[in-house]
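Given these sequences and hints, build the entire structure.
Just so you know, the sequences run in chain order A and R. Going by UniProt numbering, the residue at position 79 of the first sequence is 79; the numbering climbs one at a time, nothing skipped. Going by UniProt numbering, the residue at position 53 of the second sequence is 53; the numbering climbs one at a time, nothing skipped.
It does not matter which identical chain is meant; a pair holds if it fits inside one copy or across any two.
Distance condition first, Cα-Cα at most 25 Å in a straight line; then the derived DMTMM-like pairs of lysine to aspartate or glutamate:
id	residue 1	residue 2
1	Lys211	Glu101
2	Lys4	Asp102
3	Lys9	Asp102
4	Lys211	Asp102
5	Lys212	Glu101
6	Lys49	Asp224
7	Lys98	Glu219
It is worth saying that the hints were derived from the structure and are not from the lab.
Number of protein chains: 2
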Amino acid sequence: MAIKTLSAKAAAALDKELMSTGAFSIDQLMELAGLSVSQVVYRVHPRNKGNRVLVACGPGNNGGDGLVAARHLRHYGYQPTIYYPKRSKSDLYQRLAKQLEDLDVPFVEDFPSALKSTDHIVDAIFGFSFSGEVREPFPGVIRALEETKLPVTSVDAPSSWNIEEGPPKSGVGSSFHPEFLISLTAPKPLVKHFQGRHFVGGRFVSPAIAKKYDFEVPEYQGLDQFVETSPTGQKL
Amino acid sequence: MAIKTLSAKAAAALDKELMSTGAFSIDQLMELAGLSVSQVVYRVHPRNKGNRVLVACGPGNNGGDGLVAARHLRHYGYQPTIYYPKRSKSDLYQRLAKQLEDLDVPFVEDFPSALKSTDHIVDAIFGFSFSGEVREPFPGVIRALEETKLPVTSVDAPSSWNIEEGPPKSGVGSSFHPEFLISLTAPKPLVKHFQGRHFVGGRFVSPAIAKKYDFEVPEYQGLDQFVETSPTGQKL
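As structure tokens, this is what we get:
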């Protein structure tokens, strides 16, 4: 069975529907999305493998998911550091940042330096709404992620990848292949080009909504907010 | 070491602080509180012991925690039924109810009948802001909870108990002794009168805030959003 994927357009419509007829607030959805990301990181990087985690956050919702994940990781006992160079001015994002500051989580401005003192990385730079060119200051960040030997967990999309087409043919991001990817609500078409371990998170979609968008709610286990599947959709 | 407890007044001040200087929204806090309740229910009532759960929700925040817990339980594969006779008109509560309706979770009006077709019960009627008399229609509900042989999990307080003094000396609730209690953020003074298994949930309090309110963040394990402690505060 081929994996069912959600185009960027469908993913945007689904988000909109969850927050209108679905009656979810963005605070709720982001909390649950970020929680699922934190649980995947906990699974793939047990703390005894190194508890320093650098979370790179972009300016939009993907970055917000990263901020939430970082907070949960802090509560699990990790030592997160946040790189968040283009802060959103919206109230929600400012609050998510404040919640981290209150836990003494450091925000840093020099990504290459931060890379030298971490054990793994969460890429929460761009999500399904990304298209076109990677804007400053992120090209250098993506290049650093291409070069690092440290494991990277990407949220919803390896940042810089085209949501439908996968990695760019050339230039920034063309050789960015993160070890781990967590797709939120459902995989995007780019997953076909992904070679690492793949997870789906976002345990809040009703079967009715999934059916409407032509995918299936994955078979989450126990209390897990994520499930591991192969990039072709088979449960592992 | 005697357990550190939070008076009703201190608990109200803490909630207010989390939502002002703490920068949390009520949506976030309720999501995480309800999630912790759902995880405790999963721990004490594995689905193979009976997956029908009746969630009794009061008109305030305690009821909201119950609505969130019921949604997560539904996603875990339980069959929740909701008794929610005094619906709040606030937007948040209406949205939480809608999220359950979208998962085909039934709302019932006859509590005694619902009791006959469930395996266990979540008591999310009154929390730390309860004082005085139990108002209609809840006296009959509390009496039914006193009489049932089914296990009850109370959220933050066995409903009808005085937050400082414990069970009423006589009348409604005087013989209500739930099997399980989950205290949110920190136990309330009534915990001294509680004889069952006790949990603490709410893994979002910073050490600085806990210190200010003179309690300690419990030692949560792994990804757990709750921790079991004895009612006297020792970790189990």
